[in-house]
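*Asks:* Sequence:
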Amino acid sequence: MSTFDKSSSSRRQLLQASAASLVVLAAPAIVRAQAAPKLRIGYWPVAAGLPFFVAVDRGYFKEAGLDVEPLKFAAAQQIMEGMLAGRCDGSANGTGSANLAIGEIAQPGLFKIFCTNPSNAKFVLDEFIVAKDSPVKTVAELAGKKVASGPGIQNVTLCKTMLERAGAKGAVVSELPIGQHVAALVAGQVDACYTLEPTGTIGRMNGTTRVIEAGVVARYILGDPMAPWHGGAASLTSEFINKNPEVAKKYIAAYARGVELVRTKPDDARQHMKGYTAIEGKLTAEVPLASYMLYDEFKPSDVAYFQKFYDLFTEKGIFDKKVPVDALLYKA
Numbered sequence: 000m001s002t003f004d005k006s007s008s009s010r011r012q013l014l015q016a017s018a019a020s021l022v023v024l025a026a027p028a029i030v031r032a033q034a035a036p037k038l039r040i041g042y043w044p045v046a047a048g049l050p051f052f053v054a055v056d057r058g059y060f061k062e063a064g065l066d067v068e069p070l071k072f073a074a075a076q077q078i079m080e081g082m083l084a085g086r087c088d089g090s091a092n093g094t095g096s097a098n099l100a101i102g103e104i105a106q107p108g109l110f111k112i113f114c115t116n117p118s119n120a121k122f123v124l125d126e127f128i129v130a131k132d133s134p135v136k137t138v139a140e141l142a143g144k145k146v147a148s149g150p151g152i153q154n155v156t157l158c159k160t161m162l163e164r165a166g167a168k169g170a171v172v173s174e175l176p177i178g179q180h181v182a183a184l185v186a187g188q189v190d191a192c193y194t195l196e197p198t199g200t201i202g203r204m205n206g207t208t209r210v211i212e213a214g215v216v217a218r219y220i221l222g223d224p225m226a227p228w229h230g231g232a233a234s235l236t237s238e239f240i241n242k243n244p245e246v247a248k249k250y251i252a253a254y255a256r257g258v259e260l261v262r263t264k265p266d267d268a269r270q271h272m273k274g275y276t277a278i279e280g281k282l283t284a285e286v287p288l289a290s291y292m293l294y295d296e297f298k299p300s301d302v303a304y305f306q307k308f309y310d311l312f313t314e315k316g317i318f319d320k321k322v323p324v325d326a327l328l329y330k331a
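In numbering that gives the first Met the number 0, the protein residues as written are 0 to 331.
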């Protein structure tokens, strides 16, 4: 073998050895990268999901070393179904709490709630609206009228119950996508709608509809217009939490940063509705913002009001058994 061949052979062996060393050194990083799971979070395109939108857009999740994939769904029920099927690792705020509870009944221990978006007469989400020139002034006057409700078992059950308790006997309730509520009132297809913001604000701004009462779930279901209605919730599946407890803690902490921005700088936060919801332009500054309650901020009275909301669905036969709220709250 020539000196050149020996030199080439030695160089190859040296390069191979170096490459092998690099692989060994890099292995822990590769293992760590593979071990960092992606969080697939389902969201409904409503204003209540704002803390999640903020955390994604402002890089709070990335700063925490998290890979979060937002998954848009047309209805809260679909988010719950995605969690049951293992296609979602959790839900953003705005996802119907009663929809989540149905998943809990189907698969006990499915998820843990770490943040809710309570609403009432002050933090407005829910309301009854009518056409601007309608003679109807109160919910009770909807007796015998055609009333549209947002789709899904949570919206319909609440709408029917509130009409009953307000004394609106004989009202006929039908499901209608919330985005069609204003148009249906303008066309005279229905007399009123039980709807969620920003529908009432859209109708007011374009001069076609008006709100006859807001914060209606707090008043008619919970018995106090200022009571917190925990109608939507952010959650993580128990499976994800159990497999990745540290990742779950980082996710919740980054999500809480989104909540903090909404609380302290609402005008800055509002801009993040764009791209996730149909809210943009002048509507961005006008739509009411939800309140938020993190798992470690719950007082006994908050749990009690949340339980009262869930108990309605047991009473109406929607839940086939009582769903204890306290067991569903995340414990750090």
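Treat the hints as calculated values from the structure; they're not laboratory data.
Backbone N, C-alpha and C define an ideal beta-carbon position, used for all residues, glycine too.
Mixed in with the good hints there might be a few duds.
What the hints assert, rightly or not - Label-pair ranges, simulated between beta-carbon atoms:
id	residue 1	residue 2	range
1	Pro265	Lys242	50 to 60 Å
2	Pro323	Asp267	12 to 22 Å
3	Asp267	Val185	27 to 37 Å
4	Gln306	Thr207	35 to 45 Å
5	Lys248	Asp132	48 to 58 Å
6	Glu296	Lys145	33 to 43 Å
7	Lys71	Lys248	18 to 28 Å
8	Glu259	Val302	17 to 27 Å
9	Ala326	Thr137	33 to 43 Å
10	Lys273	Asp132	31 to 41 Å
*Asks:* Confirm or reject each hint.
*Replies:* Evaluation of the provided hints:
Hint check: Pro265 to Lys242, Cβ distance near 35 Å, so the stated range 50 to 60 Å is violated. Hint check: Pro323 to Asp267, Cβ distance near 38 Å, so the stated range 12 to 22 Å is violated. Our hint of 27 to 37 Å for Asp267 and Val185 holds, since their Cβ atoms are close to 34 Å apart. Checked against the given bound of 35 to 45 Å, the beta carbons of Gln306 and Thr207, roughly 38 Å apart, stay inside it.
Between Lys248 and Asp132, the C-beta spacing of about 54 Å keeps the proposed range 48 to 58 Å intact. Evaluation of the 33 to 43 Å hint for Glu296 and Lys145 yields a pass: the beta carbon distance comes to about 40 Å. Checked against the hint of 18 to 28 Å, the C-beta distance between Lys71 and Lys248 comes to roughly 26 Å, which is consistent with it. For the pair Glu259 and Val302, the beta carbons lie near 23 Å from each other, so the given range of 17 to 27 Å is met.
The beta-carbon spacing between Ala326 and Thr137, approximately 39 Å, falls within the hinted interval of 33 to 43 Å. The supplied range of 31 to 41 Å is met by Lys273 and Asp132, whose beta-carbon atoms lie about 32 Å from each other.
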